[in-house]
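Asks: Take the sequences, apply the hints, and build the full model.
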Amino acid sequence: NAGVTQTPKFQVLKTGQSMTLQCAQDMNHEYMSWYRQDPGMGLRLIHYSVGAGITDQGEVPNGYNVSRSTTEDFPLRLLSAAPSQTSVYFCASSSGGSSGEQFFGPGTRLTVL
Amino acid sequence: DQQVKQNSPSLSVQEGRISILNCDYTNSMFDYFLWYKKYPAEGPTFLISISSIKDKNEDGRFTVFLNKSAKHLSLHIVPSQPGDSAVYFCAASERDMRFGAGTRLTVKP
Chain A
87 NAGVTQTPKF QVLKTGQSMT LQCAQDMNHE YMSWYRQDPG MGLRLIHYSV GAGITDQGEV
147 PNGYNVSRST TEDFPLRLLS AAPSQTSVYF CASSSGGSSG EQFFGPGTRL TVL
Chain D
5 DQQVKQNSPS LSVQEGRISI LNCDYTNSMF DYFLWYKKYP AEGPTFLISI SSIKDKNEDG
65 RFTVFLNKSA KHLSLHIVPS QPGDSAVYFC AASERDMRFG AGTRLTVKP
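Quick note, the sequences are listed as chains A and D, same order. At position 90 of the first sequence (counting the first as 1) the number is 176 in the numbering used here, and the numbers step up by one without a gap. At position 61 of the second sequence (counting the first as 1) the number is 65 in the numbering used here, and the numbers step up by one without a gap.
Rather than coming from a laboratory, the hints here were simulated on the basis of the structure. A couple of the hints might just be wrong.
Mimicking DSSO-like on lysine-lysine, the simulated pairs with C-alpha atoms at most 30 Å apart in a straight line are [to be verified]:
no., chain 1, residue 1, chain 2, residue 2
1, A, Lys95, D, Lys60
2, D, Lys72, D, Lys41
3, D, Lys72, A, Lys95
4, D, Lys9, D, Lys58
5, D, Lys41, D, Lys75
6, D, Lys60, D, Lys75
Footprint (simulated), chain D over chain A, 3 or more residues, beta carbon under 8 Å [claimed, not checked]:
no., stretch
7, 126-135
8, 156-163
9, 177-187
Pairwise CB distance ranges (calculated) [as the list claims (entries may be wrong)]:
no., chain 1, residue 1, chain 2, residue 2, range
10, A, Thr197, D, Ser55, 14 to 24 Å
11, D, Ile24, A, Gln143, 32 to 42 Å
12, D, His80, A, Ala138, 34 to 44 Å
13, A, Asp142, D, Ser55, 22 to 32 Å
14, D, Pro13, A, Ala168, 41 to 51 Å
15, D, Pro83, A, Ser153, 27 to 37 Å
16, A, Glu158, D, Asp35, 35 to 45 Å
17, D, Ser32, A, Gln143, 39 to 49 Å
18, D, His80, A, Gln103, 40 to 50 Å
19, D, Ser32, A, Gly102, 37 to 47 Å
20, A, Glu158, D, Lys112, 35 to 45 Å
21, D, Lys60, A, Ser166, 43 to 53 Å
Where is the CB? At the ideal position from N, CA and C, for every residue including glycine.
Replies: Next comes the structure, spelled out in structure tokens:
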């Protein structure tokens, strides 16, 4: 099993550009989530999904969109990138919902100039 | 507002001694608590968890203690090893999962 995979590993954007961070898992987990990690702030939840077709907002959803058309994939879209979105982004999945052990991907380091 | 707080950004201990990492939370509705460990350039990995109906959970060298009245939990690592050097995140869940800011543990040989 590959577990949770994320692409790309690194990305540099200009302000106003849009892009999609990809996340896939092969563990048949229903619950998937996106976090951003910033110095001194820990991991903050952006969006999460409890199953295909169902998504909800987390703690810091503004500027991001998600969709969940399949169990495996949970892409995160930046609509119009801003320097405040410079961060490391982690995708995670869990078989036990929000209370279960979450398996994290290796992260995407995004810089917005 | 940060519902999960780790007030110590860093901790340094000698190999073989006990490491105690602390975490406080404000939301009394949290029903599950977890600790994750993170190495540089990697995603966090699950370490140990505890349900709100328990006050202690042990797994090898790692023990998590929960004090619901104080809204406090702690992770004990005994004995500490150099390979334990990492950033440790406390997390708590209700409808979704919230993380603390992390504590960087350094175990010196």
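Asks: Against this structure, judge whether each hint is valid.
Replies: Results for each hint:
no.: 1; hint: A/Lys95 - D/Lys60; verdict: 38 Å, violated
no.: 2; hint: D/Lys72 - D/Lys41; verdict: 23 Å, holds
no.: 3; hint: D/Lys72 - A/Lys95; verdict: 39 Å, violated
no.: 4; hint: D/Lys9 - D/Lys58; verdict: 20 Å, holds
no.: 5; hint: D/Lys41 - D/Lys75; verdict: 21 Å, holds
no.: 6; hint: D/Lys60 - D/Lys75; verdict: 14 Å, holds
no.: 7; hint: 126-135; verdict: holds (count 7)
no.: 8; hint: 156-163; verdict: violated (count 0)
no.: 9; hint: 177-187; verdict: holds (count 4)
no.: 10; hint: A/Thr197 - D/Ser55: 14 to 24 Å; verdict: 40 Å, violated
no.: 11; hint: D/Ile24 - A/Gln143: 32 to 42 Å; verdict: 35 Å, holds
no.: 12; hint: D/His80 - A/Ala138: 34 to 44 Å; verdict: 40 Å, holds
no.: 13; hint: A/Asp142 - D/Ser55: 22 to 32 Å; verdict: 23 Å, holds
no.: 14; hint: D/Pro13 - A/Ala168: 41 to 51 Å; verdict: 27 Å, violated
no.: 15; hint: D/Pro83 - A/Ser153: 27 to 37 Å; verdict: 47 Å, violated
no.: 16; hint: A/Glu158 - D/Asp35: 35 to 45 Å; verdict: 28 Å, violated
no.: 17; hint: D/Ser32 - A/Gln143: 39 to 49 Å; verdict: 22 Å, violated
no.: 18; hint: D/His80 - A/Gln103: 40 to 50 Å; verdict: 46 Å, holds
no.: 19; hint: D/Ser32 - A/Gly102: 37 to 47 Å; verdict: 42 Å, holds
no.: 20; hint: A/Glu158 - D/Lys112: 35 to 45 Å; verdict: 43 Å, holds
no.: 21; hint: D/Lys60 - A/Ser166: 43 to 53 Å; verdict: 48 Å, holds
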